[in-house]
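2 protein chains.
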Amino acid sequence: MKLLEDGVPLAELSIERIARTAGVGKATIYRRWSGKEELFVDVLRSTEPPDPELPGTSMRDDLIVLLESLRLRGLASRSSAILHNVHVQMKSSPKLWAAYDSTVIAPRRRLGVEILRRGQRNGELRADVDVELANDIFVGPLLVRSVMRPDSDLPEDLAERVVDTLLQGLRPVDSPAS
Amino acid sequence: MKLLEDGVPLAELSIERIARTAGVGKATIYRRWSGKEELFVDVLRSTEPPDPELPGTSMRDDLIVLLESLRLRGLASRSSAILHNVHVQMKSSPKLWAAYDSTVIAPRRRLGVEILRRGQRNGELRADVDVELANDIFVGPLLVRSVMRPDSDLPEDLAERVVDTLLQGLRPVDSPAS
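Which chain is which? The protein sequence lines are U and W, in order.
No gaps in the numbering here: position 18 of the first sequence is 18 in UniProt numbering, and each next residue is one more.
No gaps in the numbering here: position 161 of the second sequence is 161 in UniProt numbering, and each next residue is one more.
Just chain U, with the same shape it has in the complex:
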């Protein structure tokens, strides 16, 4: 974090430099992390809000908590120039992005899909919906606002509005096709 705060670009970070800055030997680093990518993703994860505790009361409640954690991540990334730059630079390194994907993104996606499967079992979600697609549908609006449109609103009730709008459907209720 100190090196990142000092503005050292990711490409110039090496295990050797990290070890020197931390005042330890390279072997100490390699005992915990197999490489710079893995270490870096851990550092990044430590700066993010922790994974949410799901209430487990309903699919709707769990989804709102999951989306709210994405909203908080978006706000954190906006307020921290370091975090924002690191995210951007990470996307330019396929190896680093793959490490971030397997450590942070994929588990969150599995969590979302699991919530949706429970919803199908208890009748909150249509059984014929592809849960992978449904997961992208629920998280999409949060990611669009956090990642693509850095000046867009992330209001307090956004998670709840997205979930309820999606569950209710977008077609008018009195429509013959609904």
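Rather than coming from a laboratory, the hints here were simulated on the basis of the structure.
Quick caveat: nothing in here was measured; it's all calculated off a predicted structure.
Be a bit skeptical, because a hint or two may be false.
[Unchecked claim] Distance windows between CB atoms, simulated:
1. U:32 <-> W:75: 38 to 46 Å
2. W:98 <-> U:14: 29 to 37 Å
3. U:14 <-> W:75: 30 to 38 Å
4. U:7 <-> W:42: 28 to 36 Å
5. W:24 <-> U:45: 44 to 52 Å
6. W:157 <-> U:34: 36 to 44 Å
7. U:123 <-> W:51: 40 to 48 Å
[To be verified] Examples of chain U residues lying across from chain W (beta carbon under 8 Å, computed):
8. 85
9. 88
10. 89
11. 92
12. 129
13. 136
14. 140
15. 145
16. 148
17. 165
18. 166
19. 168
20. 170
21. 171
22. 172
Beta carbons are placed, not taken as given, at the ideal position from N, Cα and C, and that holds for glycine.
The hints should help you fit chain W onto chain U, whose structure is shown.
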């Protein structure tokens, strides 16, 4: 495009270098573009599929065409390493991103919102839905797959499946709350 194909980083592109490569004077460039950002966004836009022709037959049909154009953009960006790198680098320059946003993203968003407003007027979309939020909901899944998950599926029927899933709603049709 030649400079980008040669792998020149954006930070090293200057109007002077562009003019020299094109064999023209700097004044010739400045007659059409006020700066390097504006020129660059135009170059980028010229490599993307053109904006879609909307059939205008229904909100559903228009939305499918709009989302299909996002899917094609996603496929184009994946197949072109230049395009992908340029997108990534662009995100690290707030000035360049702002130029891209106002030239490419904002008009596309206005188009989506306009389609949705027409849908509210002709009864295809619930009148109480926030159209800005609804637009993020429709485009979100496409952007998640194109931008965040470079190895995810972008199948041919994705646009149609997203639109129909959203219009139908995610709650089971026989649910008492639906």
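Restraint satisfaction for residue 166 (chain U) [CB to CB of chain W, less than 8 Å]: Holds, about 5 Å.
Are residue 98 (chain W) and residue 14 (chain U) spaced within 29 to 37 Å by their CB atoms? About 33 Å separates the Cβ atoms of residue 98 (chain W) and residue 14 (chain U), which means 29 to 37 Å holds.
Status of the residue 172 (chain U) interface restraint (C-beta, 8 Å, chain W): holds (5 Å)
Agreement of hint residue 129 (chain U) with chain W interface, Cβ distance less than 8 Å: holds (6 Å)
Status of the residue 145 (chain U) interface restraint (C-beta, 8 Å, chain W): holds (6 Å)
When the nearest CB of chain W is found for residue 88 (chain U), is that gap smaller than 8 Å? The hint holds - residue 88 (chain U) has a Cβ within 8 Å of chain W, the shortest such distance being about 5 Å.
Could you check if residue 170 (chain U) really has its C-beta closer than 8 Å to a C-beta on chain W? holds (5 Å)
Restraint: residue 85 (chain U) near chain W, CB-CB cut 8 Å. Satisfied or not? Check passed: Cβ of residue 85 (chain U) comes within 7 Å of chain W, closer than 8 Å.
Status of the hint placing residue 89 (chain U) at chain W (closest C-beta pair under 8 Å): holds (7 Å)
Are residue 168 (chain U) and chain W close enough, Cβ to Cβ, to be under 8 Å, as the hint says? Check passed: Cβ of residue 168 (chain U) comes within 6 Å of chain W, closer than 8 Å.
Taking the beta carbons of residue 14 (chain U) and residue 75 (chain W), is their distance inside 30 to 38 Å? The hinted range 30 to 38 Å holds for residue 14 (chain U) and residue 75 (chain W), with Cβ atoms some 36 Å apart.
Less than 8 Å between beta-carbons is the criterion; does residue 171 (chain U) satisfy it with respect to chain W? holds (5 Å)
The structure fails none of the hints (numbered hints given earlier).
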